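Undergrad: The lines below spell out each chain.
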Amino acid sequence: MSGKRTLFEKIWDAHLVAEPGGRSPIVYIDLHLVHEVTSPQAFDGLRASGRKVRQPLRTIATVDHNIPTEPRGTVITDLVAAKQIAALQANCREFGVRLFDMDSPDQGIVHVIGPELGLTQPGMTIVCGDSHTSTHGAFGALAFGIGTSEVEHVLATQCLAQQKPKTMKIDVRGRFAEGVTAKDLALGIIGQIGTDGATGHVIEYAGEAVRALSMEGRMTLCNMSIEAGARAGLVAPDEVTFAYVKGRRFAPRDSEWERSLESWRGLPTDHGANFDRIVEMDAAQLCPFVTWGTNPGMVAPVTGRVPEPGSLSESDRRATELALQYMDLQPGKRIEEIDVDRVFIGSCTNSRIEDLRAAARVARGHHVSGKVRAMVVPGSQTVKRAAEREGLHQIFLDAGFEWRESGCSMCLGMNPDILQPGERCASTSNRNFEGRQGRGGRTHLVSPMMAAAAAIAGHFTDIRNWKFQ
Amino acid sequence: MKPFREHRGLVVPLDRVNVDTDQIIPKQFLKRIERTGFGQFLFYDWRFSADGKKNADFVLDEPRYEHASILVAGKNFGCGSSREHAVWALADFGFRAVISSSFADIFANNSVKNGFLAVRLEEDETEELMRRARELNEYEVTINLERCEVRDDLGFCAKFPMDEFVRHCLIHGLDDIGLTLQHEAEIAAYEARHPVPSALQPVQT
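Keeping their order, the protein sequence lines are chains A and B.
Under the numbering used here, the first residue of the first sequence is numbered 3, with each subsequent residue one higher.
Under the numbering used here, the first residue of the second sequence is numbered 714, with each subsequent residue one higher.
Please keep in mind that the hints were generated in silico from the structure rather than gathered at the bench.
Predicted model only: the values in this text are computed from it and were never measured.
Glycine residues also receive a C-beta, built at the ideal position from the N, C-alpha and C atoms.
Do not rely on the hints blindly, as some may be mistaken.
What the hints assert, rightly or not - FRET-style restraints, in silico, Cβ to Cβ: (1) A:Glu258 with B:His720: 51 to 59 Å; (2) A:Ile280 with B:Leu894: 33 to 41 Å; (3) B:Lys715 with A:Lys54: 22 to 30 Å; (4) A:His369 with B:Lys767: 41 to 49 Å; (5) A:Asp105 with B:Glu862: 51 to 59 Å; (6) A:Leu59 with B:His720: 41 to 49 Å; (7) A:Lys168 with B:Lys715: 24 to 32 Å; (8) B:Phe869 with A:Asp105: 17 to 25 Å; (9) B:Ala901 with A:Asp103: 28 to 36 Å; (10) A:Pro73 with B:Glu719: 53 to 61 Å; (11) A:Arg74 with B:Arg721: 51 to 59 Å; (12) A:Lys168 with B:Asn857: 26 to 34 Å; (13) B:Glu719 with A:Glu241: 55 to 63 Å; (14) A:Asp105 with B:Cys861: 49 to 57 Å.
To be verified - Here are a few chain B residues that sit away from chain A, every Cβ distance over 10 Å (derived from the structure): (15) Gly752; (16) Asp774; (17) Thr855; (18) Glu862; (19) His885.
Make a model of the complete structure from these sequences and hints.
TA: Okay, here's the thing in structure tokens:
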């Protein structure tokens, strides 16, 4: 071995607690994020076996998945959802876990508030019972989603027994053209390598185009890693990262900050370190993308067309036919001719302040099409307040968008925000699976600018030709 | 955890690739706070129409597959959301194993924790099993975890890969929290070297 290590290997090595012979290595977890949907059975498991939460201070909870985005204080009419929220509140009280509850000024989508509060830091291991935990990799933290049994495991031991994943580098050269965003890069990558293209791997995103992204753009990119099947996504920390973290509530201070900074600077992949796989991309070749099918790899340029299944291999053909049938789309239809009924701007992928600024810039001076219902759901209360300070909410309201409270909302439709059967939605979220946003609903994934433009035009339209006002 | 050594059962073919966990167990059923009772909601949107009537065309509900306990499906099974409810629903419905040419990582991890087998065969092997399950009546296979092998009575026999430790836990039905806690001394030593950062300490009042 050369002794040269990747960012992933450095984090992995630093968190190895034990490597028992013939068993999976035991890895320490620095931060465990918890939400209402995937945790109740884990807390029940602790109670049943008489165990405690080993490190309550390293465990942070919020409610996001099934809460309404109506004004706070509205009674939750879904009694099963209310019971699940109450269970999290009771569990946090019983086990001494810090909870950012519905009425907290810091409540929000778990993957939005972690970074926002400075909880997410370079070099950490972070887990959550949610697949989009990969978001936190934007800081050069090894962050991945786990199931409820593993949630219980981390609560009880602050560790996980994990097989070491493989490494993949995605090297994105060049610069984005105007109108092309981190979301389009993510969709472009998944379109190229497929929804299982990175299974078993931790991706490190590198190259000029990735370095040029803001922290929020990096979060969008890492967020979608799971949609390529990856265990996690990473971006090496740099000055952009440090500037973002500095001064946030849970960030290190004073001498701790200096010590942290010194260790973070040693994290980036050593020159000449090996990856199991390398994928190269050219940012200049990317364009605004729109998904046409029922997984995030079924993607076309906004200037393109719905594919012809006849031109594909046997197994792709069948999957494409099923997808087009569900999506009610004709092969060869131009993407820009697809009309939408609903627009959703939100989710852990695209609900941060820069996303809202980008969408508001498109919406300013325009009005949502008369046949479209469009909603903007900020990722957190903090994002919401920031947007309101800047007057973004007024731009959206004037343009006919709904301005709502923070939560996961229509990304997965566990709360009342869902599509009706047959409705077609331009969505800034991360999954276009059948029924994801509501049974029979048809989801097209796009960037925030593309979603805002679709709301106004009533159909998909190339943001590169937009008349900004 | 229920030990898994060997299982023989009827095979049902689900001829779809990229079966995601939103399909396996739609989100409206994730609000339950129990670990049980999810089987009735398995593949809900495919098995039932919007008004709750059973869709007789869906393969799981064909009478010939009624007692199936092994599902064979296309590649990238269990992709998407981390919801362990997907495994709970499959197991509660009566399945002991899924056979596919690939699985999403989190789904595969969740399976192990529930004594449920995610068996990875080559693509041509899963296609052959799918064909046999479609064309033959009462088509059964035996999955043997000690030999890491799937075989039928007609000469089909294929080996599958499985991490040695995972296999050991499955065969003996071991609780892996207990196993990790055997390393209490190492965990405590790690924690002594890496104390909780002061920023996470409760604010003193």
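Undergrad: Next, verify each hint and record whether it holds.
TA: Results for each hint:
Look at Glu258 (chain A) against His720 (chain B): about 53 Å separates their beta carbons, and that is inside 51 to 59 Å. Checked against the given bound of 33 to 41 Å, the beta carbons of Ile280 (chain A) and Leu894 (chain B), roughly 39 Å apart, stay inside it. The beta-carbon spacing between Lys715 (chain B) and Lys54 (chain A), approximately 26 Å, falls within the hinted interval of 22 to 30 Å. His369 (chain A) and Lys767 (chain B) have their C-beta atoms about 45 Å apart, which keeps the hinted 41 to 49 Å range intact.
Range check, Asp105 (chain A) to Glu862 (chain B): about 56 Å between beta-carbon atoms, so the 51 to 59 Å window is met. Distance hint check for Leu59 (chain A) and His720 (chain B): the Cβ-Cβ separation is about 43 Å, which falls inside the suggested range of 41 to 49 Å. At roughly 31 Å, the beta-carbon separation of Lys168 (chain A) and Lys715 (chain B) lies within the given 24 to 32 Å, and the hint holds. As the Cβ distance of Phe869 (chain B) to Asp105 (chain A) is approximately 59 Å, the hint placing it in 17 to 25 Å is violated.
For the pair Ala901 (chain B) and Asp103 (chain A), the supplied restraint of 28 to 36 Å holds, since their beta-carbon distance comes to about 32 Å. Restraint check, Pro73 (chain A) to Glu719 (chain B): a C-beta distance of roughly 57 Å satisfies the suggested window 53 to 61 Å. Checked against the hint of 51 to 59 Å, the pair Arg74 (chain A) and Arg721 (chain B) passes, with Cβ atoms roughly 55 Å apart. Roughly 28 Å separates the CB atoms of Lys168 (chain A) and Asn857 (chain B), a value that falls within the hinted 26 to 34 Å.
In this structure the hint that Glu719 (chain B) and Glu241 (chain A) lie 55 to 63 Å apart at CB holds, the actual value being about 57 Å. Checked against the hint of 49 to 57 Å, the pair Asp105 (chain A) and Cys861 (chain B) passes, with Cβ atoms roughly 53 Å apart. Consistency note on Gly752 (chain B): stated as away from chain A, and its beta-carbon is indeed over 10 Å from all of that chain's, at 16 Å minimum. For Asp774 (chain B), the condition that its CB be more than 10 Å from all CB atoms of chain A holds, with the nearest at approximately 18 Å.
At the 10 Å boundary, the C-beta of Thr855 (chain B) stays outside the reach of chain A, the nearest C-beta of that chain being 27 Å off. Taking the minimum C-beta to C-beta distance to chain A, about 21 Å, the non-interface status of Glu862 (chain B) holds against the 10 Å cut. His885 (chain B), annotated as away from the interface, keeps every beta carbon of chain A farther than 10 Å; the closest lies near 13 Å.
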